[in-house]
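A.B. asks: Here the structure of chain A is known, so what remains is to put chain B in place on it, guided by the hints.
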Amino acid sequence: MTALQHVKLGTYYVVHMPEPDDFAFWRERARQLVQCDVPPDRVAWVEPGGNGSLFSHGDKRLPVPEDDKIIRASKRFLSIAKNVCHHSDPERFSLLYAMLWRLQSNPRLMEDKADSQVRRLEDMDKSVRRDAHKMHAFVRFRMVEDDEGNEHYVAWFEPDHHIVRREAGFFVRRFANMHWSILTPRGCIHWDGETLRESGPAQKSDAPQGDPAEDLWRKYYASIFNPARLKIGAMLKEMPRKYWKNMPEAALIPELVAGAQRRESEMVDAGALEFEDRPETLAAIDKAIHACRKCPIGNLDNQAVMGEGPDDAALMIVGEQPGDQEDQAGKPFVGPAGQVLDAALEQAGIERRETYVTNAVKHFKYVQRGKRRLHQSPTAKEIDVCRWWHEAERAIVKPKVVLALGASAARAMLGKTVSISKVRGEPLALDDGSELWVTAHPSYLLRLDGDAKAEQERLFAADLAALKDRLAQLAQ
Amino acid sequence: MTALDTMQKLEILADAAKYDASCASSGTAKRNSTGGKGVGSTEGMGICHAYAPDGRCISLLKILLTNHCIFDCHYCINRKSSNVRRARFTPREVADLTLTFYRRNYIEGLFLSSGIIKSSNHTMELLVETARILREEHDFRGYIHLKTIPEADPELAHQAGLYADRVSINVELPTDSGLTRLAPDKNSRQIEGAMGGMKMAIRQSKDERKRFKHAPRFAPGGQSTQMIVGADAATDSDIVGKASRLYGNFKLRRVYYSAFSPIPDASAVLPLKRPPLMREHRLYQSDWLMRFYGFAPQEVMQATEADGNLPLDIDPKLAWALKFRDRFPVDVNRASREDLLRVPGLGTRAVGQILASRRHRTLRLDDVGKLTVSVAKVRPFICTADWRPTLLTDRADLRSLLAPKQEQLELFAA
Numbered sequence: 000m001t002a003l004q005h006v007k008l009g010t011y012y013v014v015h016m017p018e019p020d021d022f023a024f025w026r027e028r029a030r031q032l033v034q035c036d037v038p039p040d041r042v043a044w045v046e047p048g049g050n051g052s053l054f055s056h057g058d059k060r061l062p063v064p065e066d067d068k069i070i071r072a073s074k075r076f077l078s079i080a081k082n083v084c085h086h087s088d089p090e091r092f093s094l095l096y097a098m099l100w101r102l103q104s105n106p107r108l109m110e111d112k113a114d115s116q117v118r119r120l121e122d123m124d125k126s127v128r129r130d131a132h133k134m135h136a137f138v139r140f141r142m143v144e145d146d147e148g149n150e151h152y153v154a155w156f157e158p159d160h161h162i163v164r165r166e167a168g169f170f171v172r173r174f175a176n177m178h179w180s181i182l183t184p185r186g187c188i189h190w191d192g193e194t195l196r197e198s199g200p201a202q203k204s205d206a207p208q209g210d211p212a213e214d215l216w217r218k219y220y221a222s223i224f225n226p227a228r229l230k231i232g233a234m235l236k237e238m239p240r241k242y243w244k245n246m247p248e249a250a251l252i253p254e255l256v257a258g259a260q261r262r263e264s265e266m267v268d269a270g271a272l273e274f275e276d277r278p279e280t281l282a283a284i285d286k287a288i289h290a291c292r293k294c295p296i297g298n299l300d301n302q303a304v305m306g307e308g309p310d311d312a313a314l315m316i317v318g319e320q321p322g323d324q325e326d327q328a329g330k331p332f333v334g335p336a337g338q339v340l341d342a343a344l345e346q347a348g349i350e351r352r353e354t355y356v357t358n359a360v361k362h363f364k365y366v367q368r369g370k371r372r373l374h375q376s377p378t379a380k381e382i383d384v385c386r387w388w389h390e391a392e393r394a395i396v397k398p399k400v401v402l403a404l405g406a407s408a409a410r411a412m413l414g415k416t417v418s419i420s421k422v423r424g425e426p427l428a429l430d431d432g433s434e435l436w437v438t439a440h441p442s443y444l445l446r447l448d449g450d451a452k453a454e455q456e457r458l459f460a461a462d463l464a465a466l467k468d469r470l471a472q473l474a475q
Numbered sequence: 000m001t002a003l004d005t006m007q008k009l010e011i012l013a014d015a016a017k018y019d020a021s022c023a024s025s026g027t028a029k030r031n032s033t034g035g036k037g038v039g040s041t042e043g044m045g046i047c048h049a050y051a052p053d054g055r056c057i058s059l060l061k062i063l064l065t066n067h068c069i070f071d072c073h074y075c076i077n078r079k080s081s082n083v084r085r086a087r088f089t090p091r092e093v094a095d096l097t098l099t100f101y102r103r104n105y106i107e108g109l110f111l112s113s114g115i116i117k118s119s120n121h122t123m124e125l126l127v128e129t130a131r132i133l134r135e136e137h138d139f140r141g142y143i144h145l146k147t148i149p150e151a152d153p154e155l156a157h158q159a160g161l162y163a164d165r166v167s168i169n170v171e172l173p174t175d176s177g178l179t180r181l182a183p184d185k186n187s188r189q190i191e192g193a194m195g196g197m198k199m200a201i202r203q204s205k206d207e208r209k210r211f212k213h214a215p216r217f218a219p220g221g222q223s224t225q226m227i228v229g230a231d232a233a234t235d236s237d238i239v240g241k242a243s244r245l246y247g248n249f250k251l252r253r254v255y256y257s258a259f260s261p262i263p264d265a266s267a268v269l270p271l272k273r274p275p276l277m278r279e280h281r282l283y284q285s286d287w288l289m290r291f292y293g294f295a296p297q298e299v300m301q302a303t304e305a306d307g308n309l310p311l312d313i314d315p316k317l318a319w320a321l322k323f324r325d326r327f328p329v330d331v332n333r334a335s336r337e338d339l340l341r342v343p344g345l346g347t348r349a350v351g352q353i354l355a356s357r358r359h360r361t362l363r364l365d366d367v368g369k370l371t372v373s374v375a376k377v378r379p380f381i382c383t384a385d386w387r388p389t390l391l392t393d394r395a396d397l398r399s400l401l402a403p404k405q406e407q408l409e410l411f412a413a
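For the protein sequence lines, the chains are A and B, in the order given.
Everything in the first sequence is counted per numbering that gives the first Met the number 0, starting at 0 for the first residue and increasing by one.
Everything in the second sequence is counted per numbering that gives the first Met the number 0, starting at 0 for the first residue and increasing by one.
One chain only, chain A, in its complex shape (with noise of 0.2 Å):
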């Protein structure tokens, strides 16, 4: 009987695939199908442990083609079939079986990408990439080792579809020179170091069940996920709950994304910086820094120091914080300080009803000692936190020129830490497009004697005499 009184009598066919991804076999019977001219109903294709009772009429030898005709197959449709022969939709060879049929007379069918058939093909070849890559992502190895101490890994893996013998080289190529296995419920490859060796289906019994670098794993990932910004849909398109079982780091989600706003929360409120609006009149800035306790400061038994002088001066004089004296009175430089430094300013001719007054940081630091309270320095932390106040102050006077009495005023005004003998004498451009001098600050000269008194003292006075000159400048 010739292969064309086949397909005349109606004999369907039957072709069992003797591995569930045997994409030669395959090809070699769908080409000798397609050249005897057998039509895609005519033939059921039964992968292995598959149910091929319904098409158990169904001729198990195939027709011999008469002649070598030419079938054709386009790039697109083999690198798709290669793919989709791993898909554990039993119907996959005779969706394909169907296409190469179709392609026959299209050979440009696989462009056609609003093809209902092409689109399904598409999907299956799409979720099997995607079911290797997750594979690629997700095996976990765990260590153990044999009675002579080499170290064997093991991992315990569900793929969706056949794909463990396809992947078998990636894993291969990465860890060449470790010992390892990979068991799963579709077959298990196992490497030594130099050959690939296949066996058949496992349990997850059969995989060593913990290892202790998974805390180390575990540790880091619960540190690398940063609380304030929870988004719980993008994690699970990327990595459906399917997988989680199998990952060590996935039992800690539940806790981080529970633990998550209470956590964001507490970093808003450590930091406790969450200031309203900046006041706009002076009048409200002194209100407001006698309730601030955005640091430790504000809680010692003080008083909020407000800065003092013309709302539109020209030149505003910044210090760093109040004294014992200036404490008791609530104002700015009225101690021994402020008294040096009225003097400074009356040589070198600046009015200082003229100018505004005021510090860096808003309450005076101290330590109790006896019944004395002795200066503290405020820390760098302290002047960030003050410098939402000072900033408001400058926004509303304005100040032509800015002049930072000692390295805290200074660090106030630029964010950083500057050493005075570097900067002063020189203005800096600040982001407003006022200017900052920077000198030291008086209560300096009040500790130092002798030569070092004189010279600092007369640094001092050319910082302020340099000052004036500017200022006349500015005024013109």
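Quick caveat, the hints were computed from the structure, so don't treat them as lab data.
For clarity, every value in this text was computed on a predicted model and none was experimentally measured.
Each hint should be verified, as a subset may be incorrect.
Result set (DSSO-like, lysine-lysine): computed pairs, CA atoms no more than 27 Å apart in a straight line [what the hints assert, rightly or not]:
{"#": "1", "chain 1": "A", "residue 1": "81", "chain 2": "B", "residue 2": "29"}
{"#": "2", "chain 1": "A", "residue 1": "218", "chain 2": "A", "residue 2": "244"}
{"#": "3", "chain 1": "A", "residue 1": "293", "chain 2": "B", "residue 2": "272"}
{"#": "4", "chain 1": "B", "residue 1": "79", "chain 2": "B", "residue 2": "272"}
{"#": "5", "chain 1": "A", "residue 1": "467", "chain 2": "A", "residue 2": "399"}
{"#": "6", "chain 1": "B", "residue 1": "79", "chain 2": "A", "residue 2": "421"}
{"#": "7", "chain 1": "A", "residue 1": "81", "chain 2": "A", "residue 2": "68"}
{"#": "8", "chain 1": "A", "residue 1": "380", "chain 2": "B", "residue 2": "185"}
{"#": "9", "chain 1": "A", "residue 1": "399", "chain 2": "A", "residue 2": "421"}
{"#": "10", "chain 1": "A", "residue 1": "81", "chain 2": "A", "residue 2": "125"}
{"#": "11", "chain 1": "A", "residue 1": "81", "chain 2": "B", "residue 2": "369"}
{"#": "12", "chain 1": "A", "residue 1": "125", "chain 2": "A", "residue 2": "241"}
{"#": "13", "chain 1": "A", "residue 1": "380", "chain 2": "B", "residue 2": "272"}
{"#": "14", "chain 1": "B", "residue 1": "376", "chain 2": "A", "residue 2": "125"}
{"#": "15", "chain 1": "A", "residue 1": "286", "chain 2": "A", "residue 2": "330"}
{"#": "16", "chain 1": "A", "residue 1": "218", "chain 2": "B", "residue 2": "79"}
{"#": "17", "chain 1": "A", "residue 1": "286", "chain 2": "B", "residue 2": "272"}
{"#": "18", "chain 1": "A", "residue 1": "330", "chain 2": "A", "residue 2": "467"}
{"#": "19", "chain 1": "B", "residue 1": "79", "chain 2": "A", "residue 2": "415"}
{"#": "20", "chain 1": "A", "residue 1": "330", "chain 2": "A", "residue 2": "293"}
{"#": "21", "chain 1": "B", "residue 1": "185", "chain 2": "A", "residue 2": "421"}
{"#": "22", "chain 1": "A", "residue 1": "415", "chain 2": "B", "residue 2": "117"}
{"#": "23", "chain 1": "B", "residue 1": "241", "chain 2": "A", "residue 2": "415"}
{"#": "24", "chain 1": "A", "residue 1": "397", "chain 2": "A", "residue 2": "467"}
{"#": "25", "chain 1": "B", "residue 1": "117", "chain 2": "B", "residue 2": "185"}
{"#": "26", "chain 1": "B", "residue 1": "272", "chain 2": "A", "residue 2": "415"}
{"#": "27", "chain 1": "B", "residue 1": "376", "chain 2": "A", "residue 2": "236"}
{"#": "28", "chain 1": "B", "residue 1": "198", "chain 2": "B", "residue 2": "250"}
{"#": "29", "chain 1": "B", "residue 1": "369", "chain 2": "A", "residue 2": "236"}
{"#": "30", "chain 1": "B", "residue 1": "212", "chain 2": "B", "residue 2": "198"}
{"#": "31", "chain 1": "B", "residue 1": "29", "chain 2": "A", "residue 2": "125"}
{"#": "32", "chain 1": "A", "residue 1": "230", "chain 2": "B", "residue 2": "272"}
{"#": "33", "chain 1": "B", "residue 1": "209", "chain 2": "B", "residue 2": "250"}
{"#": "34", "chain 1": "B", "residue 1": "117", "chain 2": "A", "residue 2": "380"}
FRET-style restraints, in silico, Cβ to Cβ [said to hold, decoys possible]:
{"#": "35", "chain 1": "B", "residue 1": "117", "chain 2": "A", "residue 2": "448", "range": "33 to 39 Å"}
{"#": "36", "chain 1": "B", "residue 1": "361", "chain 2": "A", "residue 2": "235", "range": "38 to 44 Å"}
{"#": "37", "chain 1": "A", "residue 1": "232", "chain 2": "B", "residue 2": "387", "range": "31 to 37 Å"}
Interface residues of chain A toward chain B, partial, derived using beta-carbon atoms under 8 Å [unchecked claim]:
{"#": "38", "residue": "111"}
{"#": "39", "residue": "136"}
{"#": "40", "residue": "227"}
Just so you know, even glycine gets a beta-carbon here, dropped at the ideal spot from N, CA and C.
C.D. replies: Same frame as chain A, now just chain B:
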């Protein structure tokens, strides 16, 4: 103080590194461990080995060598004036940890950064030493990303490039004034100078490899950078402009945007609120428009609103289309790839499929529906064989028709 064990150090130094957005492991040279002594391979496409509940991919072991720092950048949790717990790894500890994780298939490799200790050069030497131990002593062939320090000696940066797949230098803030204010110890000219040096070295190495097969590779994964969004007053226009200059001037592989997120013990000069994640998302979308959709930076800027920011409720491509309605509708059966890429709701993949399919059939709205996610979104901007939007494209309320119906409630809205 008692000595910290590896677990505690890992906790502190991973926590300190989590504000860096990048975790990419793609785009480098292909290699594998066959014939070598160690482990590791890179095959082009990066692999995300896990996802954290913040939706970010975990591809690399991303840690700091130390979070001690002599710098005082306000946005940074590790700045000198912060009270955060400090820890320090030795290069060898980091190398061992990387291999422990890599052998169990947890990671693609290492992304190492560091606070500045002693000096920029000293720190850079330690980073390079870590990479050297991995590459030379362990023959590690996985991915290495090194953060280089712009203030360090260029010779050290060069060595980093010889060991690493990717190098990066963060520009940190989109404007110079923001940098001066928030990162007073950094300097944009120095940062850009270092990026320029990297660009030259990468180009030179590519050139040499064309002529000599065994010329050493230099950062085959290129260089990237990161900008913090929402810490200063820069608008989206500023950010887009800066990003496009960076892409142009330094041939960067990626510019990452990182929404400024609250940090423990924050500095007072910064807004302590929920990170502007939607704004970050819109910036990434605009980045995509420039890289894959043929938008010029100016065109993305045209999509911004009066305040210079991109709208948050609709994506930048739709915002642009609503402003330039005379460019629509586009005929899917005739239009060029460039024009199709402008249609809101059509991605590069859908456009490719339309171009392929229309050789075989005249596309109807139904067919377009099969190739896109949402035909409702595309419909006002296209013509098909059986569909013309007629008045739809010109309707004044089109934006409200296309914007998400209800503002999605934030999970933790205050």
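A.B. asks: State the violated hints by number, sorted upward, taking the hints as numbered earlier in the document.
C.D. replies: none
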